[in-house]
Amino acid sequence: MPESLKIEVIPEGTVIDHIPAGKWLKVVEILGLTKPNGGTLLIASNVPSKKLGRKDIVKVEGRYLSEEEVNKIALIAPMATVNIVRDYKIVEKFKVSIPDEIVGILTCPNPNCVSNHEYVLPKFRIESREPLKLRCHYCERTVEGEEILGNL
Amino acid sequence: MDWKGRDVISVRDFSKGDIEFLLKVAERLEEELKKGPLDYARGKILATLFFEPSTRTRLSFESAMHRLGGSVIGFSSASSTSVKKGESLADTIKTVEQYSDVIVIRHPMEGAARLAAEVAEIPVINAGDGSNQHPTQTLLDLYTIKRAFGGIDGLTIGLLGDLKYGRTVHSLAEALAFYDVELYLISPELLRMPRYIVEELRGRGLTVHETTDLEGTIPELDVLYVTRIQRERFPDEEEYLKVKGSYQVNLSLLKNAKETLRVMHPLPRVDEIHPEVDRTEHALYFRQVFSGVPVRMALLGLALGVLG
Chain A
1 MPESLKIEVI PEGTVIDHIP AGKWLKVVEI LGLTKPNGGT LLIASNVPSK KLGRKDIVKV
61 EGRYLSEEEV NKIALIAPMA TVNIVRDYKI VEKFKVSIPD EIVGILTCPN PNCVSNHEYV
121 LPKFRIESRE PLKLRCHYCE RTVEGEEILG NL
Chain B
1 MDWKGRDVIS VRDFSKGDIE FLLKVAERLE EELKKGPLDY ARGKILATLF FEPSTRTRLS
61 FESAMHRLGG SVIGFSSASS TSVKKGESLA DTIKTVEQYS DVIVIRHPME GAARLAAEVA
121 EIPVINAGDG SNQHPTQTLL DLYTIKRAFG GIDGLTIGLL GDLKYGRTVH SLAEALAFYD
181 VELYLISPEL LRMPRYIVEE LRGRGLTVHE TTDLEGTIPE LDVLYVTRIQ RERFPDEEEY
241 LKVKGSYQVN LSLLKNAKET LRVMHPLPRV DEIHPEVDRT EHALYFRQVF SGVPVRMALL
301 GLALGVLG
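Line by line, the protein sequences give chains A and B.
Residues in the first sequence are numbered from 1 upward in steps of one, following our numbering.
Residues in the second sequence are numbered from 1 upward in steps of one, following our numbering.
It is worth saying that the hints were derived from the structure and are not from the lab.
Yeah, the Cβ is synthetic: ideal placement off N, Cα and C, and Gly gets one too.
Do not take every clue at face value.
[What the hints assert, rightly or not] Selected chain A positions facing chain B (in silico; Cβ < 7 Å): (1) 112; (2) 114; (3) 140.
[As the list claims (entries may be wrong)] Pulled from the structure, derived: some chain A residues nowhere near chain B, Cβ distances all over 10 Å: (4) 33; (5) 34; (6) 37; (7) 52; (8) 62; (9) 71; (10) 81; (11) 86; (12) 97; (13) 120; (14) 149; (15) 152.
If we strip away everything but chain A, and leave its shape as in the complex, we get (with noise of 0.2 Å):
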């Protein structure tokens, strides 16, 4: 089945595509989107990518996800397209960013810092966009590859 058809075959929703294959879960839980108002999800796992190799695709039916959102999902799947489709016609697309501040998704992985001790949510600032590195906003540490992964 060609490319084109595996992204329209939703009639409304958001279809997140080349995401790394394998992190189609994580994606759908830093999304929210397995609570009971997550809207109807598609999973296509391993599908051969000409960018990714192979990747994994997310289907959102009845529910368009804003690219405020979607962008929390860009610290694992940093290649990741955004599809908005409606009436089975993709009617918006953009590519996901990292936002300037990450927010209840990864922990800190500095075991005495407060937010993994005090009822909070952890909170990042980005320190450098290549190569990706953050800031825990209460212990200051700085996090950047293998341990950002490790710890959303």
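Keeping the supplied structure of chain A fixed, place chain B upon it in accordance with the hints.
Frame of chain A; chain B shown alone:
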């Protein structure tokens, strides 16, 4: 920038202009104090929340508030508070702010002061959060250097000892990046300054040398900032025993130093500076203790909006 109501959490929150302004106010207060008691903060209450022990910092804040004419409430150990009953930090802060006009907090967790400042509507001053920041210590260190040398630019400064866990040296190094100084980081291999801090200092244009050789470095220095190797910060006692007593500043070592070298230490010391050094012109650490009062008076007064 407007200081009234401002939190003092991290050296990162300050500009060089903020620091210079604060040091000037401290200098002014030190002069005013010579003439007699002050009453800038009459009717104001400081709450000191010390979740871990620190005699020096707590007494210095209390002295600063009394010298400003205000009063103090607080506790000096978490074991005597509702924290022991399981109360959250946020709830403790929300409660204490009903009784006071400004809060000073010392807490064993990194980021605790930032969280307290987010919860409280009154100003919060960080008196040390785990191994992260100790900004008021840094400000008094800068003040001490400035008073001793007339300025900070152009100096060669060595930081010695526990550079891994020592929050005072983390904050001080970051603040020194505002100035034109050369920095020597002298420590055992196991206690080197965290990579991210060294990279940041270099990124901000500072010349930074890392070494284990104190004897070879001492002739270069204008300031030697000594820190204690803190047993209580080591996750592993074995690690502590490997580095315990690595360095001692004594008269024999100081023979190779510039006559004008000044030795600083946030105190308390154990055996890293021999008491015989106290009698020399090199010793600046007790003057450093004194600096805590005018600097903290300036911070409290500015945050309360009673000084400008």
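- Hint numbers the structure violates, sorted upward? Hint 13 alone not satisfied by this model.
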